[in-house]
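Student: The chain contents come next:
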Amino acid sequence: MTAKRILASILLGAVVAAAPGPSQAQEPDGAAPVRVVSMNLCTDQLAMLVAAPGQLLSVSYLAAQPRSSAMAEEAQNYVVNHGLAEEIYLLEPDLVIAGTFSTRATVAMLKRLDIPVAVLSPAYSLDEVRQRIIEMGEVLHRQEAAEGLAAEFDARLAALRDKVIRQPRAALFFANGYTSGDRTLAGQILSAAGFDNIADEVGLPSGGRMPLEVLAMADPEVLIRGSRYEGNSRSEEILDHPVVAKLREALPGAAVTDRDWVCGTPFVLRAIEELAETRRKLETSP
Amino acid sequence: MSLLRLSDISVTLRQRTVLERVSLEIGAGELVGLIGANGAGKTTLMRAALGLIPAQGDSSLAQMAPRARAKAAAWLPQAREVSWPVDVETLVTLGRIPHLGTGQPVGEMDRAAAERALDRMGLKELRARTVTRLSGGEQARVLIARVLAQETPLILADEPIAGLDPAHQISTMRIFRELAAEGHSVLVSIHDLGLAARHCTRLVLLGGHAKVADGVPRQVLTPDNLRDHFGICAHFEETAQGPIFQATEVVG
Amino acid sequence: MRLLGFGLTGLVVLLALISLVLGPAAIGPAESLYALFTDTGTPLTLVMREIRLPRMVLALGIGASLGLSGAAMQGYLRNPLADPGLIGVSASAALGAVLAIQTGIAAHFAFGLPLCALAGAVVGVSLVMLLAGPRGSSLTLILAGIAISSLAAAFTSLVLNLSPNPFAANEIVFWMMGSLSDRSMSHVWLALPLMVVGWALLGSLGRSLDALTLGEDAAEAMGIGLRRVRWQVVLGTAAAVGAATAVAGAIGFVGLVVPHILRPLVGARPGALLWASALGGAAMLLASDVAVRVVLPSGDLKLGVVTALVGAPLFLHLIYRTRREMA
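Protein chains in written order, with the numbering used here: chain D, 458 to 743; chain B, 2 to 253; chain S, 499 to 825.
Hints may be right or wrong, so weigh each one.
Unchecked claim - Covered stretches of chain S, as calculated for chain B (at least 3 residues, CB under 8 Å):
(1) 516-529
(2) 703-709
(3) 765-773
To be verified - Partner residues aside, some chain S positions facing chain D, computed with beta carbon under 10 Å:
(4) T536
(5) A604
(6) A605
(7) A608
(8) A666
(9) S679
Derived from the structure by calculation, the hints contain no laboratory data. A virtual CB, placed ideally from N, CA and C, is assigned to each residue, including glycine.
Please put together the full structure from these sequences, using the hints given.
Tutor: Structure representation (structure tokens):
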């Protein structure tokens, strides 16, 4: 890589960054990558699960935070990156794995610098979780490991889908009044745990803002609320609104543990398990 | 009866002496013309008398509580400021503010006072017009009417007739004289020495930061004073139609 | 004048009722009003008492505060462009509120939030008055406003970006544009006392502002204590705007639009404009809040978007009219 080429790519940056979205995961060809950098919380965790020892070099800083990552401890063994083209380039990777929502400008620049970039979409359903595991296997040339992981995922999921006597109506309620419906991973977790989702009743299958009064009028049986982050914000204030407080007092509830909920990894099974436990308690109590 | 007593008023603005030890007393029934070249301190003297700027020495008005002072003396500033497009009658009625208690609405007496002021200044026809759309001279008359509506024993007016047409200059000075005849007193700063000589019962000449002369026009508008403090010479004659003063030449 | 009073009051009452019966949960007007006054034991009573009632009361109080503050500042500065939003008072109040939340003052002490917003607003108003001078020309006023708004907004963004909380950074838009969604009765009790103090301070300025029509010198000679008037304007505006901003974010243009529309109807008297603008402001904010709910029933369209859509063109018109003075 010559200085001239770097300069050229910087100058081109503005033009190329505006080009349409990044390409899909590239076809595996040639030798397996040996210096892999992941720059997205969800690809971080999948990569850590699937990669061969020493194959994965760096994960994003979010992967190292216990609040957001189910594999924070594991992530301590890797170099931490902040998704900046410069630091990633200096790691001299032969493959970068990014998510669809990673900064486009960064991805575009890495591609111009001739670094192969694989872009994985987020998983919106449990089927897609399985798919992403397989995709990660292809990207890392670790198909066998991935298939093993997927098989284990299938088996555990099947075991979790026990018979449900009655599906209680639950509401997911997060900061800023957001909820998640059936077309989201969180909604899928909820239904896998045997709940009906209020968000689908009120026409928010893809999730979105659920006004407080809609929540109150929907009269849910269970309130599953977003958990709080450190520091203060007025976005989370809504979780203390008298209406929410009354629902919390009156109803059995659960808090979402973000690290198991946000990414399409096998850890969603843990979320389903915990939720199913809440439901079973509800079924046994009068 | 004294309506204003100033003793040894000195004013220093931005470390520059503007007035030094000026004393002045105004009794009832006087129309006092305050004259002097530009920058002689006419405006400063009047503002100091009202207590609007800090001054050394004593002023009978500045010592009063703000509200009592506003009932004792009305002030017409030189700047003709009307910030909002109010109608003439509303603006003139503003002169009644010192007479209204907290929360007390404008009453019959106040309306009558405003009416008298409008009548005196010949503004009855214009009462519903918007002040800011009137001509400069008309606005000046409306502002004088506001001061009249305040119905105070003493009026201090800073160049009230500047910018008026000759007829209204004369009629305004007449009105001030009528007020004096009724027992009020008026202190006006004025550049038109002809009108001053003709209408004022007394002239006070400021020059060199101090009061130079004080007395009836004839005693003040002497050739020496005119030369030393205005740099002019003039023709001054008592006629059957009253005193005639006309500046003729620039001297020095 | 009396007709105007009745008209405005009627408008406010009507809009308040519309505000109460309008919401994303489709409930009949009669049913919802019944649930408001009678505890039906259903979620409907909860919705009416804890969601819609506080929203309506806040829209009313905040609108009145903004209208009143605008009219008072315009009367004091004798400039029709003075609006708490435009001259940076709202933005500095928002900074105070953000600091209160991020430092945890708001969590530890109930009135910490509105009082910090008040402190921010005091700094904002004082700076404007200092920079714009006793009779602020439009140019200095607007320039001072831009400087203060930008600075306060920059600090607000900085504080929110530095917060460890991942949601904080997304709240910048709330503090800049304002919203009344999902407020509760506790917000009403937080903001209302301070607003009432502000109203009392500003509402008693009528005669002084009338006198100031003739300029500072004439007003002072008519027995108006200018120093006291200045303090009343600063503290009154800061209390009203501070309390409003603390619970609803910075909402611009209400204090500009309302006095401008009502001025001809009260014969341009700044004193009479005070109460008229308070009513008018309440009506405008209630209407804007109804509009955001009609346009985007389940979303959270910011109030400032609607007020700016109405206010900014009017602002341009006002600048066009005053440009001679500004040149």
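Student: Of all the hints given earlier, name the ones this structure violates by number, lowest first.
Tutor: 1, 4, 7
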